[in-house]
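Colleague: Now for the letters of each chain:
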Amino acid sequence: DAGITQSPRHKVTETGTPVTLRCHQTENHRYMYWYRQDPGHGLRLIHYSYGVKDTDKGEVSDGYSVSRSKTEDFLLTLESATSSQTSVYFCAIRKDVEDGYEQYFGPGTRLTVT
Amino acid sequence: LAKTTQPISMDSYEGQEVNITCSHNNIATNDYITWYQQFPSQGPRFIIQGYKTKVTNEVASLFIPADRKSSTLSLPRVSLSDTAVYYCLVGEMNSGYSTLTFGKGTMLLVSP
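Sequence order for the protein chains is E and F.
If you read the first sequence in my numbering, its first letter stands for residue 2, the second for the next number, and so on.
If you read the second sequence in my numbering, its first letter stands for residue 109, the second for the next number, and so on.
A portion of the hints provided could be inaccurate.
[To be verified] Calculated pairs, DSS-like style, for lysine-lysine (alpha carbon to alpha carbon, straight line, at most 25 Å):
(1) E:K96 - F:K162
(2) F:K111 - F:K212
(3) E:K58 - F:K212
(4) E:K58 - F:K162
(5) F:K212 - E:K96
Since the hints were made in silico from the structure, they are not lab data.
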């Protein structure tokens, strides 16, 4: 357990509204990630961060933005939610270990865009 | 990033050993091989990671041949609670900007 929480855990919103999901960690790890998971697609990386104010795009970044103003918080924003963004969103952190690294995932946020 | 190929699904019975093989033909020199497990409605959970030969922990073993173009996750004496999706990932460990790409995984169903 890497002390990762996500909020909200469930959200229903309407098309066109902005939505922000929050990922919070308690262990001050440098790397944080946002993934989405959809049936038939496994997990796909949206954005990641390698430090405060340092972020980069993943493979499915269109329609999403992120911010990291503090080490412990990584925010994912859908500027104008669309039905195609209905998904389960997972946040993850990376722990550097002696021979590589491990990613630890949060509990997920189920987002429904109607 | 190296692409991985693994079976979509596998079936087993309680008490059996399960081996899930992953193909990663274009693995790079700095790439490590990592396996994750995911239960429904939960985030993936790290199982094991290796670079070459064999790695064993309290949960599983990972076998990697000399050419590193494939790897096999071995789960000894599975139980019903091992029913999950298993992901094989290949990625560079040394880059500060490295990320891992999850494929579709292997759905393991363990029956009584």
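Colleague: Which of the numbered hints above does this structure break?
Modeller: Those not satisfied come down to hint 4.
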